[in-house]
Amino acid sequence: MNLQNPAQDRARQANEPHRERIMATKRELKSRITDLPQRFAAMTARIEAQLEQIERERAAGQEPVPQIEFADLDRITEAQKAHIRQRGCLVVRNVFDDARVQRWNESLSEYLARNDYLAKLAKDGAVDNYFSTLASAKPQIYGVFWSQAQMEARTDPAMAQVHRFMNRLWQFESERGREFDPDQSLVYADRVRFRQPGDASLGLSAHVDSGSIERWVDPAYQQVYRHVFGGDLAQYDPFDAWQRTQVREIPSPAVCRMFRSFQAWTALTPQGPGDGTLQLLPVADAMAWMLLRALQDDVPEDELCFAAAGRAMTIVPQYHELLLRGYGSIPHMQAGDTVWWHPDVLHGVEDVHRGTGYSSVMYIAPAPDCAKNREYAAMQRPAFESGRSAPDFAPDDFETTFEGRCTPADLSDLGRKVMGYAG
1 MNLQNPAQDR ARQANEPHRE RIMATKRELK SRITDLPQRF AAMTARIEAQ
51 LEQIERERAA GQEPVPQIEF ADLDRITEAQ KAHIRQRGCL VVRNVFDDAR
101 VQRWNESLSE YLARNDYLAK LAKDGAVDNY FSTLASAKPQ IYGVFWSQAQ
151 MEARTDPAMA QVHRFMNRLW QFESERGREF DPDQSLVYAD RVRFRQPGDA
201 SLGLSAHVDS GSIERWVDPA YQQVYRHVFG GDLAQYDPFD AWQRTQVREI
251 PSPAVCRMFR SFQAWTALTP QGPGDGTLQL LPVADAMAWM LLRALQDDVP
301 EDELCFAAAG RAMTIVPQYH ELLLRGYGSI PHMQAGDTVW WHPDVLHGVE
351 DVHRGTGYSS VMYIAPAPDC AKNREYAAMQ RPAFESGRSA PDFAPDDFET
401 TFEGRCTPAD LSDLGRKVMG YAG
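Numbering follows full-length UniProt numbering, with no gaps: position 254 of the sequence shown is 254.
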């Protein structure tokens, strides 16, 4: 065991079944990319220019994360959309009104209390190792999926409207066909966060979801990043959806098997910097730099900068110090505001909650209609009907006996549609 670098040891252990594949892929990519030093230098300059702009904005008291009002969704200009695509993240404000969010927050709290969730969790809670390679890896996230409040928020027409807007930021059609339907999303049932004030141990260090070593070794991901691994680097577009829905993840608890056009959460309480909130690197194409970084000569031949199979893709100062220059907390959020970030965007959660109130959110991401997402929806529906944990998560299955959970009979017409029920 390497006591100086336990994260490296955990990554090596997770990657042992894939070690030969990692080495073969790195050899193949290095032989394919004949201009690797120049390409990495060009990508570094591209990232540095964006980081310098972000640093200037923060120094001037400006917020680098774009922000728009829900009421203005139909009036967003092409220039604004281009800025959102460049930053890879967005705050959409006032999606839900205060009174409704307060009812949801109270309903969720009552649901957890009535069904003695915390006691059940302490006694029988399942464990996944998805964040085990991160320096900070203990988010205060509750594994409930089927409360009335969560299902109402997921299936609300306002949420569907934001999902359409976010999906349409992507280039989803080309001469190769349509990758997904931007106007129809499916529910990806996720959890909730209730972070207590004063908490000092429940953050998440910078990471990326939606695949770790897959981003190099998976054939579909190699097509997603085809302009990074060869050809014209200037043509690389993080919002080109081609092959994104063809990716196959390495199975592991908490690895998302749906294609989410963005990750996202909805604020249930006011929260901002210092309140144990979300942190982001607002640079959509930083992943391209990370992919090339792992091919540099200082990275061992069987490693990918500590990326570990079946785990969140970790960001470490040893290899990624450049990117951490631009990493920071999102702006202050009010209840009913939402935040969205591209699946390639670095993100995490502040280690310390220095605020005075709960920092609470519901995770609700857009999963646009496509074969990959319909396949998961078909597995998810029986879990919903029986109250079992959503298929991607550690199987607590507490809600099978919970009073007050949502059932198919409670769904609206839109709710049935986004849950994938026919008719």
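Hints may contain errors.
[Claimed, not checked] Quick list of the computed label-pair ranges, beta carbon to beta carbon: (1) Ala422 <-> Pro395: 25 to 31 angstroms; (2) Gln62 <-> Pro300: 37 to 43 angstroms; (3) Arg19 <-> Lys81: 40 to 46 angstroms; (4) Arg75 <-> Pro157: 33 to 39 angstroms.
It is worth saying that the hints were derived from the structure and are not from the lab.
No residue lacks a Cβ here, since even glycine has one placed at the ideal position from N, Cα and C.
| field | Distance restraint evaluation - Arg19, Lys81, Cβ atoms, bounds 40 to 46 angstroms | value | 42 angstroms, holds
| field | Range hint 37 to 43 angstroms (beta carbons of Gln62 and Pro300) holds or violated | value | 40 angstroms, holds
| task | With respect to the beta-carbon atoms only, verify the hint that Arg75 and Pro157 lie 33 to 39 angstroms apart. | result | At roughly 19 angstroms between Cβ atoms, Pro157 and Arg75 fall outside 33 to 39 angstroms, so the hint is violated.
| message | Against the range 25 to 31 angstroms, how does the distance between the Cβ atoms of Ala422 and Pro395 compare: consistent or not? | response | 27 angstroms, holds
Hint compliance for this structure: hint 4 alone is broken.
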